[in-house]
Amino acid sequence: MQKKDLRLNINPNAILINKLASHDAGQKNQSTSQYRNVEAPGQYLCCWVLDTQQPVQASERKHHDRKNSVAPGANQATNFTHCNQVNQTKQSRNAAQDRPGTNKPKSGTSPERITGIQVGQIGCYQSDQRRDREVNQHWVKRMACNRHSTDYVLLAHSTLLSILGKEQWSRKIISTLLLIFIFFLTSGCKGPQSTLDPAGIGASAASFLWWFMCIFFSIVFIGVVALWFYAMRPKEKTLKGYELAKVTRRMIIGGGLLLPTISILILIALGIPIGNRMMPFASSNDDVMAIHVVGHQWWWEVWYPKERIRLINEIHIPANHPVDIHASSADVIHSFWVPRLNGKIDMIPGHTNILRLQAQKTGQYRGQCAEFCGLWHAKMVLDVFAHTPETFQLWIEENKARNSNESL
Amino acid sequence: MSRSEIALQDKHREFNQVWGNPKGLRALTIVNHTTIGIRFMVTATIFFLIGGLMAMLMRTQLALPAQQFLTPDAYNQLFTMHGTVMMFLFAVPFMEGLAIYLVPKMIGARDLVFPRISVLGYFCFLFGGLMLLSSLLLGVAPNTGWFMYTPLTSKPYSPGLNADFWLLGVTFVEISAIVTGIELVVSIARTRAPKMALHLMPLYCWYILVMALMIVFGFPPLILGSLLLELERAAGFPFFDVAKGGDPILWQHLFWLFGHPDVYIIFLPAAGIVSTLIPVFARRPMVGYRWVVLGIITTGFISFGVWVHHMFTVGIPKLAQAFFSVASMLVAIPTAIQLFAWLATLLSGRPVFRLPMLWITGFLIVFVAGGLTGVMLAMVPFDWQVHDTQFVVAHLHYVVIGSMFFPLVAGLYYWMPHFTGRMASETMGRWAFGFTFVGFNTTFLIMHWTGLLGMPRRVYTYAPGVGWDWPNLISSIGSFIMAIGIAMILLDVLLHFRFGRKAPANPWGADTLEWATSTPPSPYNFISLPECPTRHPLWDYPNLPQTITQGKHTLAVASHGRRETWGTDPVTGEVREIIHLPANAWIPFFAALTLAVLFVSLLLQSYTLSVMMLVILSGLLLRWSWENGTHPNAAPHEQTEPGDPPLHSRTFDGPGLWGMAVSLLVDASMYMALLFGWLYLWTVAPLWHVPEQAPIGWLSLLISGLLLSFSGIWYYRLMKQVRKGHVSCLQMNLWGIAIVAFVHVLSLLWVFWSSSLQPTQIAHDAVVFVMFVYVLFHSVLALIMTIQMALRKAYGYIGKQALYEPIVVEQWWLYTIVIFWVTYAAIILFPLSWAGG
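For the record, the sequence lines run as chains A and B.
My numbering puts the first residue of the first sequence at 1, with every later residue one more than the last.
My numbering puts the first residue of the second sequence at 1, with every later residue one more than the last.
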């Protein structure tokens, strides 16, 4: 019964958040640039639609069966996921009625959905999709969330339960914890400032890295904890002699030396190319646009040196075009961070750091100061708008004109 | 009652007269490590509750978006103080307190080797903590984060007293941590039970040894940083001011040079608790003892090479980032070795699942999760995203609470019968665990997600609709559940004094020597000191507790009025001398009190008062060192029992040598940090410039240095004679050395006077100024100590039988000479070569 209540409570709210988010995005656009009006809300809703197409349910059902055979206690968790999916479908159907146009991308993408993309493939997918449409990219990310939630949870649940299965209370605690966990995975990776809802090259790379490490380390974590409970089981006699030597060797050499060493090597092999991709290199692209951003307590001063445009708390950039942010500060240390585009870089008085931004699609991206900078640190927010090349050119001309008028 | 029992009671009475603790106001004089250890732990617990209350307030504020529960300034003060209190006033002191309590008992000694230092350490901790917390009551608590980044903390952006409270308060508390660290190192090295060789030492002591050494090397950079920043704030020395040639990044380096080792300083002793408990509850010896020791030492080393991973977003060169990234991940290896050694012990033993093991299980789950997110954060590209977000907040709480708090509670339940002689309630303990564990994970598991959704840390509120509303609410609810759990632990501890059943002897069937004392322990721990040629004394010699109480082992006499313990070889554990320990004293308390007034006067910038306090303090410290060695207050009798080795003050081998050596390591670490700052500014500061004319004359400084070297080498040669037993002209020679040293100090002052330093104008001169003061301080102290030695010779405290004190001072002399010439190279020769190249 308890779980049922929880289920009822959670879903409407998840939806509420998303409504709010899309609402928010839409409103802001209205005040700043016209052409985004249609696109922003559509983008959010379209995610929901894609998420909840039938293929997902099919694969869910498959999981169902598997889980039933493993551990009966796991039922409630699956029910919940399942129900959540259904609710989401309902919701998105309503949304789809409002905006029929957003349904389109699904037909092209659903087959891959059924087979289920492996984590490793997401990376390849990302590189492909640079020339693809923005919507595709979006659902790949979303899908990563969902896939993860089902597989991982199943594994965790069944393993833990088989170990602790005899104890009623532990079963309850674990399933409650897992329920909460599932809720957060399914309630979405999106948000105007979410690192898991990437729209830039750097952020996509970091997001991929997160999912890879999350799955990899979850397996390690479950393995270690399972081993612990296995080791803690009551035993008749103490190991001695050859058996002891064997256990010691396996544990200390295998677990203590090899496991971390191999993990580190894998991570380094993966991390270095990704790090390179996120860094600005002078030689890689001659046609990089430079924008100077100076942090003040508690606002952002934005300066386009070539175009001679000055802005406050907002940056306009062309989409699919590299932009170098030259970050510095006029007073204390701030940190420039637009999570959906790239990682952060500190803004330090006397130093200039460069951060490469490249939005993969047009849109509005929220940024926030990430280094504590005093009383109103929490309110130091900025917006980045990525335009199509044509609209960006228009915007430049318009602002240049305005700027020169002002200076006159 | 049989005759032997009566004799035994008399013996205990005799020991109590020498070792007993006074009551009433005189309780302030108690130097006993059991009392001091408990005081440390109780005080730290109270600070912990205050820190926890701050966390509750913050979670209440963040429960809903756009709340008005706290003002931004109040929130900023709270998160700054929460971090500061938990790190400096709870985690480190509690772990040190537990070590102070346990270490002597585990290694079969009667007390720590410098008991008066323990008292000084405790009161510095108490007064420093009160000073920090008083700022909260006054409403001017530090509000710039526990990391105190400049320039936010420099005068223009923090004009109030807030930052000064932090800088001075934390420095004060750190004095406590450092002196305790020194004491623990020397105690573990020199006072182990006879025959307890280094490889037979309990693992807990290995952990504490490495932790204490890490304090010795890790804390000085922060003290230096705090002093420099306070100098910048109070006197305008521009170390961190870009416009005048400084660099704010230098502060970050100095802070994290301390800050990261600090994490391991907290983790290692807690891991020590785990390594102590697991063999006991697995009912077999630890598997892979040598591997674990290797792991501990490696952790200690690596942890000093990873500080830059707190600064990946600062704009550090790429190669350096890669280096520190790999170094940070390497820490996983020694940690994994320990983890799998624990697993192997459990696998091969017959575990019993008692309450402490429940907490250890909680530790394992939380700590492994925290460690894994730590490796994630070491991945630079990922760190660029989640650095300074709630993800890091979640990670650090997983690591700190997982690796420190859970083992600590396990240890608390495990040693509770030892502290009080009563058992705590197992049922209540399980409930407390349930609440804490569930509450903790509810709060912080979700917080990873909040961070990934882009919520930065240190924000007092957030806008609705960014997607952070629900996760924050759940975190807040979880934190209150956790608070219930912690309240239950406290209640359990309080109730067990009244309702707890009497603990049997060695209730858990442990193997280490601390369970051979009575519970609660008597002030002298053991009435006779046993040999300990094994890692598991109580398993190998089950009737050891009885034979110890019956006085069948060594040093079972106290009629001479001395407090005695064995001084043994640091490696083999062979007996070398009897260490006689000082009795209860007022001086350490007054020294700490004077220090407190000194720090308050610095805070209020009333420098006349500061100078007065400095004079009083010097007087107290001189008196303290006077009542030492062969002084009648320190050693009432000089004769030892026939067959016993001599008293340490009558050898060339006392623990003071070690004390001085470890103190010089602290000093050297601080100097290295200063040198690092000098070279760093020289190469990296964007507006660094060197005055056209060298502010200090190279020739006059060279002459001054030659004078110093002359007197130092004279002292060194004199000590060579002393070691051979030639003491005929000792006093004359000492006076001669003092005169040359005095001339050196005068010349140094003259060089200083005639220099053209402008320390408030350019960072270059500011650093030179500090180096100069540092050298001067060492020369003056060398002079004072030499005069003191000459006087002690005149009073007869140093003589043919007692020649060990001047040898202790010799180390100081040699160190002073070395740093003088290093400084000379750094401020005179290095700039020349730079200009030439």
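Everything labelled a hint here was simulated from the structure, so no lab data went into it.
Keep in mind that this is a model prediction, so the values were computed, not measured.
Treat the hints with care, as some may be off.
Per label pair, the in silico range of CB-to-CB distance [unchecked claim]:
1) B:Ala505 x A:Gly254: 39 to 45 Å
2) A:Lys172 x B:Arg350: 27 to 33 Å
3) A:Asn313 x B:Gly697: 38 to 44 Å
4) A:Pro273 x B:Ile297: 33 to 39 Å
Coverage of chain B stretches by chain A, computed from C-beta distances (three or more under 8 Å per stretch; other residues unrestricted) [unchecked claim]:
5) 283-291
6) 516-524
7) 700-712
Beta carbons are placed, not taken as given, at the ideal position from N, Cα and C, and that holds for glycine.
* For this structure, which hints from the list above don't hold up? -> 3, 6 and 7
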